[in-house]
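There are 2 protein chains.
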Amino acid sequence: MRLVVMGATRYAPDVLPYNIHHVAIAVEDLDAALDGFRTLYNVEPLSREIVADQAVEEAMIAVGGSHIQILQATEADSPVGRFVERNGEGLHHIAFAVVDIDAALEHLRAEGARLIDEKPRTGGGGHKIAFVHPKETAGTLIELVEVGHE
Amino acid sequence: MRLVVMGATRYAPDVLPYNIHHVAIAVEDLDAALDGFRTLYNVEPLSREIVADQAVEEAMIAVGGSHIQILQATEADSPVGRFVERNGEGLHHIAFAVVDIDAALEHLRAEGARLIDEKPRTGGGGHKIAFVHPKETAGTLIELVEVGHE
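In order, the protein sequences belong to chains A and B. Residue numbering for the first sequence is 1 to 150, as defined by my numbering. Residue numbering for the second sequence is 1 to 150, as defined by my numbering.
It should be emphasised that the hints constitute simulated quantities derived from the structure, not laboratory data. Just so you know, these numbers come straight off a predicted model, no measurement behind them. Warning: the hint list may mix true and false statements.
Stated by the list, open to error - Per the computed footprint, the stretches of chain A lying under chain B, defined by three or more beta-carbons under 8 Å from a beta-carbon of chain B, are:
hint : stretch
1    : 53-60
2    : 64-73
3    : 108-117
4    : 120-130
5    : 137-148
All C-beta atoms, glycine included, are put in the ideal place defined by N, C-alpha and C.
Could you put together the complete structure from these sequences and hints?
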């Protein structure tokens, strides 16, 4: 972890989340959820894809500089399927955009954080992603998404 | 609701959320949550205040173009206090920035959406805010925050 002190601002570009990439909502019915957001907030998904590795179909709605991700499980016995079964529809995780996911995971590991993914895997949009256990940050599941210069 | 069709893009500036203003996490211990985010993600709160009307102490952490809001109830018998008692710590709501909260509420009312606040009230940072019932959008509590030209 490189840490460059600039006045009162700590700047560690390799590990810092530089944006909220998305906020994810787990749903029973992706089409119904998209209809609700469309009708009430006049927003449309930019993309929609099945991510087999996570057993989800996901849609990304851009809102300003970030996205809302709507997730529907493709299998009941999957993390998102079990979440919806247990909790009903609702907020599922926050994803941070990072420049270097390997450096970010190394930093988290050095801090003793419990990782769900020790190594990055491929998520929606072909990005390298990894999840950090919710017990580390106020009961909130955090995803890291590597988004470099595009 | 004014709707200007520009090619495939629908643009309704009075009612459209133009950004995710913040994503809120309800916690038992605000200091502990801020310590966790600071240690793992090198982020610091920009502001911290008590919003008596909502019976919360809240801190805002800027991440890129949006914020994470950490909420701790100041009274157990309050919406956030009851949420944490029932669910434990975790994601609580998404807030959309809008230009004209009155126009946005009028649009939502015309669409038959169930509003928690029929009229705006004053929230953190002195902004006009209003909550929309989670049953309208995939079990997700939505807050509107009027953020004009600043």
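How the hints compare with the structure:
Restraint check on the stretch 53-60 of chain A versus chain B: 0 residues with Cβ-Cβ distances below 8 Å, three needed, restraint violated. Chain B is given as covering the stretch 64-73 of chain A, and this holds because 5 residues of the stretch bring a CB closer than 8 Å to a CB of that chain, at least three being needed. Only residues whose beta carbon comes within less than 8 Å of a beta carbon in chain B count, and the stretch 108-117 of chain A has 3; three or more means the coverage holds. Under the rule that three or more residues need a Cβ within less than 8 Å of chain B, the assignment of the stretch 120-130 of chain A is violated, with 0 such residues.
Requiring three or more residues with a Cβ within less than 8 Å of a Cβ of chain B, the coverage given for the stretch 137-148 of chain A holds, as 4 such residues are present.
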